[in-house]
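Q: Keeping their order, the protein sequence lines are chains A and B.
Just so we're aligned: the first sequence equals residues 1 to 398 in our numbering.
Just so we're aligned: the second sequence equals residues 1 to 346 in our numbering.
Keep in mind that the hints are not guaranteed to be accurate.
Here are the simulated DSBU-like pairs of lysine-lysine, each with C-alpha atoms no more than 30 angstroms apart in a straight line [to be verified]:
{"#": "1", "chain 1": "B", "residue 1": "K98", "chain 2": "A", "residue 2": "K119"}
{"#": "2", "chain 1": "B", "residue 1": "K61", "chain 2": "A", "residue 2": "K148"}
{"#": "3", "chain 1": "B", "residue 1": "K244", "chain 2": "A", "residue 2": "K148"}
{"#": "4", "chain 1": "B", "residue 1": "K268", "chain 2": "A", "residue 2": "K307"}
{"#": "5", "chain 1": "A", "residue 1": "K148", "chain 2": "B", "residue 2": "K268"}
{"#": "6", "chain 1": "B", "residue 1": "K265", "chain 2": "A", "residue 2": "K148"}
{"#": "7", "chain 1": "A", "residue 1": "K3", "chain 2": "A", "residue 2": "K371"}
{"#": "8", "chain 1": "A", "residue 1": "K316", "chain 2": "A", "residue 2": "K344"}
{"#": "9", "chain 1": "B", "residue 1": "K124", "chain 2": "A", "residue 2": "K272"}
{"#": "10", "chain 1": "A", "residue 1": "K204", "chain 2": "B", "residue 2": "K98"}
{"#": "11", "chain 1": "A", "residue 1": "K272", "chain 2": "A", "residue 2": "K148"}
{"#": "12", "chain 1": "A", "residue 1": "K148", "chain 2": "B", "residue 2": "K195"}
{"#": "13", "chain 1": "B", "residue 1": "K268", "chain 2": "B", "residue 2": "K228"}
{"#": "14", "chain 1": "B", "residue 1": "K228", "chain 2": "B", "residue 2": "K195"}
{"#": "15", "chain 1": "B", "residue 1": "K195", "chain 2": "B", "residue 2": "K244"}
{"#": "16", "chain 1": "B", "residue 1": "K244", "chain 2": "A", "residue 2": "K3"}
{"#": "17", "chain 1": "A", "residue 1": "K3", "chain 2": "A", "residue 2": "K148"}
{"#": "18", "chain 1": "A", "residue 1": "K272", "chain 2": "B", "residue 2": "K244"}
{"#": "19", "chain 1": "B", "residue 1": "K98", "chain 2": "A", "residue 2": "K52"}
{"#": "20", "chain 1": "B", "residue 1": "K237", "chain 2": "A", "residue 2": "K148"}
{"#": "21", "chain 1": "A", "residue 1": "K316", "chain 2": "A", "residue 2": "K371"}
{"#": "22", "chain 1": "A", "residue 1": "K204", "chain 2": "A", "residue 2": "K359"}
{"#": "23", "chain 1": "B", "residue 1": "K66", "chain 2": "B", "residue 2": "K326"}
Because the hints were derived from the structure by calculation, they are not lab data.
These are the residues of each chain, in order.
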Amino acid sequence: MFKPVCIAGAGVISAIGNDVQEHMTSFEKGEAGMGAMQYLQSVHELPVAEVKLNNAALARLAGLPAHISRTALLSAVAALEALISAGLQDITPWRTGFISANTVGGMDKTEDFYADFMKDPARGRLRDLVHHECGAATELVADRLGIKNHISTISTACSSSANSIFFAARLIRQGFLDIAVAGGVDALTRFTLNGFNTLMILDKQHCQPFDENRRGLNLGEGAGYLVLVSDEVAATLQEKPAAALSGFSNANDAYHQTASSPDGTGSYLAMKGALEKAGLAPGDIDYINLHGTGTANNDIAEGTAIKRLFENKYPKMSSTKSFTGHTLGGSGALEAVFSVLALKFGFIYPNLRLETPMKELPFVPETGFQKGLPIRHVLSNSFGFGGNCSSLIFSKVE
Amino acid sequence: MYIRSASAISPQLSFQQMLDAPEGYTGDRLRCVEPDYTAMIDPKMIRRMSRIIKMGVSAAKDCLGKAGVEQPDAIITGTAYGCLADTEAFLSRMIGFKEELLNPTSFIQSTHNTVAAQIALLLKCHQYNNTYVHRGFSFENALLDAVTRLREGEGENALVGGVDEITDSSHRLLSRFGLYRANASTATLYETGEKGTMNGEGAVFLLLSANASSGDYAWLEGMHTFYKPATGEEVQKEMAGFLKNNNIAAEDIDLMICGDNGDTKNDKIYQQVRNESFAGVPYLRFKHYCGEYPTAGAFALWLGSHILKTGQLPADAEKLPAPPRKVLVHNHSLNIHHSLFLLSVC
C-alpha cells in the first residue's frame, strides 16, 4: 500500500476560468466554456474551449514575455497560482521539483515558423522555433518559479499529466524531493485540431459525454497543477492539507494506437491498480471524475470497465470535459484539481448536456451540481492514445 | 539496480565492431546503422512505421531477447524530439493544403509516446507505460521513473529506452542555431579547438532489474541529474556530492565516460571537471561514436555496460591497466542538463 502524499496547493486555468475560484463559480452556475474560435486561427468551424484571454493578457498574469508559446503562458499562470496557494513561505530550504506534461509543446509558434520555413529553409524566425520541444515550456515555467532540483516533462497523450502527478508523489515518498509542483498543460493548436479532425472524433456541437447520442469531443486548452509535499513540509503549513494522493496506477490497453479496446482493458487495469495501491475497495469511492471525452469509443470502453469493476456499487460520476472540453496533456491535471476541490468542498460536478443515458450502461452520470457532501475518496481517470491509461485516487486527510 | 541487457541502434553497427574498428564519419552528422527490420517486426507493420518507430521497436525487442524476458513489467521511453518525421509530414501537409485533405496516419504516429505504445502493442503488454520528453533529461527521467518504480516494489524489471532521430528538416533547423561544424570528422572531433559538433541519433534500450542474474551487464549503483549549473564549481560540487552519496572517492573510478562533443565552449566544463576533480582518472569520450543528441546519455550507458561486461574498450580508446570495475558517466546537454551514472562490474 502507498502512504498518501499531501496536497498543499492547486492552480488551474481553462475555458471556464482563470483561477480556482472562477472554476468553482462556473461549475456551480453550470456554465461551459465552449464557443467559436477567438484566438485559434483555423479554416474549420468547430467549437473549442479556449481560455478567454489573449497571449498578452496571459503574459501579464504569468510575468513572462508575450511572444513565447501559449503553452508556457498557460502553464505559468496555473503553476504560480498553485505555488502561492500552498502557503509556503519560502521554498529555498527544500528540494523542490517541477513536473509538467504536454503533448505538443510550442507547436502554436512552430506552425507559424514552419509556413515561412516551407517557402525557404533560411526563413522563419528562430525565436518561434526555439521553444518547440515539450520540455522547453516546462523550463520557462520552472525558471519563473525558481525551481531547480528536479525538472521533468511527460507526454503520453491524454493521460500525460495524471502521470506527472503520481511521479511527483513517488519522488517525494522516496525522499528525492520535499515539494513538487506537478501537473500539465496544452494550448490549442491547428496541428491538434486538424489531427483530431482527421480522426473524425470532433463534435460540431457542444459535446455530450456519456450520452447515447454522443458525437465526439470538443478540444479545449488549459493547465492545472497541484503542490505535493512531504510529511515534513506539511507539518510546517499553517493550513492543514485537505487532500492527499492515496493511490495511482498506469496500465496499457495494448489494443490500438488510437482506439480503446471494447471492454476497456486498459481503463479497468488502471482503476483496479489504483484501488489496490490505495488499499480501497470499489465501494469506498464516492465520486469518479470520468475521462469521458464524448467520443463513441472512449465512453463505452470506460463505461464497460466501470461496470465490470464497480458492479452494483456505482459511485456518483461525471465528465467535467462537458465544461472544459478535452485539454489533452492538461486534462489529467485539471481533473486532479477538480478532484481535490470535490474532497475539500464536497462538490459533485454535473455532466452537462446529458439527455439520453447510454443504453449499454446500468448507471447514469450526475446532472446537477451539489456541494457540502461527505466525500472521502475520488477516482480520476485519464486515458490516451497509445493505450496509455492512468487513474489517480485522492482521499480526504482526516 | 541491475542492467540485465542493453541494445542499441546507433551510428555504430555493434559493440563487437567497435572493439575491432569503430565506424567513422565525416561531415556534420552521424547516421544510425539500421538493421534488417524484417527479422524483428512483421513486414506488414514495417511499412506503416516511420524510421524512429522501427529503430525503437527493434532495439527494444533485441534488448528483451538478450535478457530472455518476453513481457517486461514496465516500458518507459525518453525522447526529446519525439517522432519528428511524422510531425513534419502532418505539419507540412496541413500548411501546404490549407488544413484540407489530411490523412490521420502521420498525426497518429506523431505523438511522443508512439514508440512506447508500439512496443506495448507488439508485445500485447498491459503493464506500466510512460514517456518522458524533457530535452536533455528525457532518458534520465525515464530511467529515474524505472528505478523509483522498482524501489517501490512495483514489478521485477523495466524496459527503459532513449530514442531520438535526425530528419533532413530537423538537421537543417538545428544547424541554423549554429550547433554543428560543416566539415567535421569523428577522427579529429576533439582536437580542432573549434566551434560546433556533429549531430547524432540513436535508439537505445536497457532492461533494468531489481534482482541480480547471471548474465547481467552491469550494476547501476547510482544516478543523479542537475539543471543549469551556474559555474564549473557548482558542477564539481554536484559531482562530489554524488560520489559521497555513493560512498566512493574519485580515485576509486577506473574509467570516466565523458560527453565531450568537440565544441570548445561545450567541452570546457568536462575538462575542468577532469583536471580539478578527477586528475589521473582514465577517461573515454563517446560522442564521436554516436554524435551529439539529447538522449545520448542512453548510448553512454549502453557503452559503459558493454565495457564492464566484456572488460574491453573500443579499439581507438587508450588501453587501461586492467579491466575496469567502476565506471562513472558524465554527460551534459548544452550545459543545461547534466547527468551522472555510476556503474559497477557484476
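Q: If you draw a straight line from the CA of B:K66 to the CA of B:K326, is it 30 angstroms or shorter?
A: 23 angstroms, holds
Q: Is it true that the CA of B:K244 sits at most 30 angstroms from the CA of A:K148?
A: 21 angstroms, holds
Q: Please work out if A:K204 and B:K98 have their alpha carbons no farther apart than 30 angstroms.
A: Given pair A:K204, B:K98 holds - Cα atoms ~20 angstroms apart, limit 30 angstroms.
Q: Does A:K359 sit within 30 angstroms of A:K204, going by the straight-line distance between their CA atoms?
A: 23 angstroms, holds
Q: Has the given pair, B:K244 with A:K3, been kept, meaning a C-alpha gap of at most 30 angstroms?
A: 29 angstroms, holds
Q: Assess, step by step, whether the Cα of B:K124 is no farther than 30 angstroms from the Cα of A:K272, and give holds or violated.
A: Since the Cα atoms of B:K124 and A:K272 sit roughly 19 angstroms apart, the hinted pair holds (cutoff 30 angstroms).
Q: Quick one, are B:K268 and A:K307 close enough, alpha carbons at most 30 angstroms?
A: 61 angstroms, violated
Q: Please verify whether B:K237 and A:K148 have alpha carbons no more than 30 angstroms apart.
A: Since the Cα atoms of B:K237 and A:K148 sit roughly 15 angstroms apart, the hinted pair holds (cutoff 30 angstroms).
Q: Are B:K228 and B:K195 close enough, with their CA atoms no more than 30 angstroms apart?
A: Holds. B:K228 to B:K195 sits at ~21 angstroms (cutoff 30 angstroms).
Q: So if I understand the rule, the pair passes when the alpha-carbon distance is 30 angstroms or less; does A:K272 with A:K148 pass?
A: 35 angstroms, violated
Q: Take a quick look at whether B:K61 and A:K148 sit within 30 angstroms of each other, Cα to Cα.
A: 36 angstroms, violated
Q: Please verify whether A:K316 and A:K344 have alpha carbons no more than 30 angstroms apart.
A: 16 angstroms, holds
In summary, the numbered hints that this structure violates are 2, 4, 11, 15 and 18.
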